[in-house]
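There are 2 protein chains.
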Amino acid sequence: MKKGNLFVVSGPSGAGKGTICAAFAQRRPEVFLSVSATTREPREGEVEGVHYYFLGEEEFKEKITQGDFLEHAVYCGNYYGTPRGKVMEVIESGRDVILEIESDGAMQVRSRYPEGIFIFVCPPSLQTLEARLRGRGTESEEVIAQRLEKAVQELGRAHKYNYLLLNDDVEAAVRRLEAIVDAERCYMPRNIGFINDFIKNKEK
Amino acid sequence: MKKGNLFVVSGPSGAGKGTICAAFAQRRPEVFLSVSATTREPREGEVEGVHYYFLGEEEFKEKITQGDFLEHAVYCGNYYGTPRGKVMEVIESGRDVILEIESDGAMQVRSRYPEGIFIFVCPPSLQTLEARLRGRGTESEEVIAQRLEKAVQELGRAHKYNYLLLNDDVEAAVRRLEAIVDAERCYMPRNIGFINDFIKNKEK
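So the sequences go chain by chain: A and B.
Position 106 of the first sequence, counting from 1, maps to 106 under our numbering, and the rest follow consecutively.
Position 186 of the second sequence, counting from 1, maps to 186 under our numbering, and the rest follow consecutively.
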């Protein structure tokens, strides 16, 4: 049985990774979009196991100790993490998995699961990113300045990713993500088993 | 200016690389399908510069000496080759190029242009390949046996290619080739220039 691939989609806040992954998941239900665990309180309408796995802080910390997360981080006083068991189970079943996570988490996954495929979502320019962050209308000038500074820092380690997913247009970006997922299934090192079987079949 | 990519599509006789590349070229006219040079006589309807560049044997040999071919081979007493100048010119202009060539030629290109992307077209099984060769109705049993033997030899070096393009269905195979071409445009090492410009723009 050929294993599924693990795709890690990351990039600066405001780059559009959430929008792209949501649209991708709708078009490609055969790919499993991983659900994160968190210690924050469920918001209205959020469903356990669909939007998040909601855990208590003690429980979350114990899972960290046990190595149950592929990556985790603290954000605004709450823990967030990717459950390793579920992801590995889906991959072993032959299905591809997508994680949409922050870049610190992506770098954790990279060291723990180097056979993953790392995709950096990037706006076409810093000006576009600034306009998008401002367009949300929810962030103060200070927060916008911080996010832009952080975006430039993240760009500085973009070379550690396998692909650049330019988000100049959401529809085009989703199509590019589909192309990356489909192309990686054809990547030769993942198909050596097929080649060997083909040759063995001849020798029978 | 970002250079175009060079895709080399190869694989055993009967695998379907010609059919796939022709269908791809129709769907993706922005990609340049390279035209080979040959010393064989033009067949009826064949147009210079469209189907082949027709050259005299002396001229062809001189071009070999001058390194004017990315790859070349002799087949049934005629020379065939890929003109280096045209391919490089198109790549430099930023356009992607596809070569559909035999596997010996593909290995020549690999040593001369290692940044190329090498795609191995493969039928789903040896039985399918045999049925296809037999279905042509033009080959003797001896030729079919030779081709199958050669196919297995070629499979033995399939690991030197970047991608396996399984031709279980032509339509699906063309879509996979499109995915590979699109994904390679996103490949990070080919986009470091963009990342650097993005960061530089911030520092202005």
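In case anyone wonders, no lab produced these hints; they're calculated from the structure.
One or more hints might be untrue.
Intra- or inter-copy, both count: the list cannot distinguish identical chains.
In silico DSS-like pairs for lysine-lysine, Cα to Cα no more than 27 Å straight-line [stated by the list, open to error]:
(1) K200 - K61
(2) K86 - K150
(3) K200 - K63
(4) K200 - K150
(5) K61 - K2
(6) K61 - K3
(7) K86 - K200
(8) K3 - K150
(9) K3 - K86
(10) K160 - K3
(11) K2 - K160
(12) K3 - K63
Results for each hint:
no. : hint        : result
1   : K200 - K61  : neither (49 Å within a copy, 41 Å between copies)
2   : K86 - K150  : neither (31 Å within a copy, 44 Å between copies)
3   : K200 - K63  : neither (44 Å within a copy, 41 Å between copies)
4   : K200 - K150 : between (52 Å within a copy, 15 Å between copies)
5   : K61 - K2    : neither (33 Å within a copy, 47 Å between copies)
6   : K61 - K3    : neither (30 Å within a copy, 49 Å between copies)
7   : K86 - K200  : neither (34 Å within a copy, 41 Å between copies)
8   : K3 - K150   : neither (35 Å within a copy, 30 Å between copies)
9   : K3 - K86    : within (14 Å within a copy, 41 Å between copies)
10  : K160 - K3   : both (23 Å within a copy, 21 Å between copies)
11  : K2 - K160   : both (26 Å within a copy, 20 Å between copies)
12  : K3 - K63    : within (25 Å within a copy, 47 Å between copies)
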